[in-house]
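For the sequence shown, the UniProt record's numbering gives the first residue as 1, with consecutive numbering after it.
A portion of the hints provided could be inaccurate.
Lysine-lysine pairs mimicking BS3-like chemistry, simulated, CA-CA at most 25 Å apart [to be verified]:
1. 26 with 92
2. 67 with 26
3. 58 with 6
4. 67 with 92
5. 92 with 80
6. 58 with 92
7. 92 with 18
8. 18 with 58
9. 26 with 58
10. 26 with 80
Per label pair, the in silico range of CB-to-CB distance [unchecked claim]:
11. 56 with 117: 38 to 44 Å
12. 74 with 9: 28 to 34 Å
13. 95 with 116: 18 to 24 Å
14. 98 with 59: 37 to 43 Å
15. 86 with 31: 21 to 27 Å
Bear in mind the hints are in silico, worked out from the structure with no lab data behind them. Glycine residues also receive a C-beta, built at the ideal position from the N, C-alpha and C atoms.
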Amino acid sequence: MTTIAKLIAVTIDCAEPKTLAEFYSKITGFEVQYAEDEYAGIGDGSTSIYFQRVPDRKAPSWPGPDKQFHLDFRVADVDKAVEEYVALGATKPEFQAGTGWVTLADPEGHLFDVCPPREDG
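Starting from the given sequences, assemble the full structure and let the hints guide the process.
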């Protein structure tokens with residue numbers, strides 16, 4: 001039997017860790033737990049998102065084959081959330097891969113999806 005692991009954190013490479021920690025703190029409600037020039041983190045006590053400085057990192061093209069990951073966030077009102085997140089510094093790419101959710105890019109170009117409530121509760 002395989003040992004089951006619990007995901008506790010995701011680390012995202014970026015140029016400005018403190019800036020991204022502040023951005024994601026605002027959209028997730030997670031507290032900024034640590035913020036330095038090289039490394040920052042946010043979390044809710046059980047799950048964390050860390051941001052690690054990589055000065056030469058380049059944002060992936062979208063759509064394109066160089067995208068390595070994206071985050072999904074569920075919200076009560078997609079349109080309202082998109083408006084708020086864009087006001088915080090996100091951008092909305094012209095290309096959208098589907099309907100019902102919206103793909104945004106954070107201030108450094110990392111993609112994330114804003115998803116509606118699940119229909120099954």
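Hint check:
1. Between the alpha carbons of residue 26 and residue 92 the distance comes to roughly 17 Å, so the proposed pair stays at or under 25 Å and holds.
2. The straight-line distance between the Cα atoms of residue 67 and residue 26 is roughly 24 Å, inside the 25 Å bound, and the hint therefore holds.
3. Proposed proximity of residue 58 and residue 6 is contradicted: the alpha carbons are some 30 Å apart, above 25 Å.
4. A distance of roughly 16 Å separates the Cα atoms of residue 67 and residue 92; the hinted pair therefore holds under the 25 Å criterion.
5. Note on residue 92 and residue 80: the hinted pairing holds, with a Cα-Cα distance of about 13 Å set against a maximum of 25 Å.
6. About 18 Å separates the Cα atoms of residue 58 and residue 92, which keeps this hinted pair within 25 Å; it holds.
7. Taking the CA atoms of residue 92 and residue 18, the gap is near 22 Å; set against the 25 Å cutoff, the hint holds.
8. Between the alpha carbons of residue 18 and residue 58 the distance comes to roughly 18 Å, so the proposed pair stays at or under 25 Å and holds.
9. In summary, the hint linking residue 26 to residue 58 is supported, as the alpha carbons are separated by about 24 Å, within the 25 Å threshold.
10. With a C-alpha separation of about 14 Å, the suggested pairing of residue 26 with residue 80 holds against the 25 Å cut-off.
11. Look at residue 56 against residue 117: about 39 Å separates their beta carbons, and that is inside 38 to 44 Å.
12. At roughly 19 Å, the beta-carbon separation of residue 74 and residue 9 lies outside the given 28 to 34 Å, and the hint is violated.
13. Checking the proposed 18 to 24 Å range against residue 95 and residue 116 shows it holds: the Cβ atoms sit about 20 Å from each other.
14. Checked against the given bound of 37 to 43 Å, the beta carbons of residue 98 and residue 59, roughly 21 Å apart, lie outside it.
15. Range check, residue 86 to residue 31: about 23 Å between beta-carbon atoms, so the 21 to 27 Å window is met.
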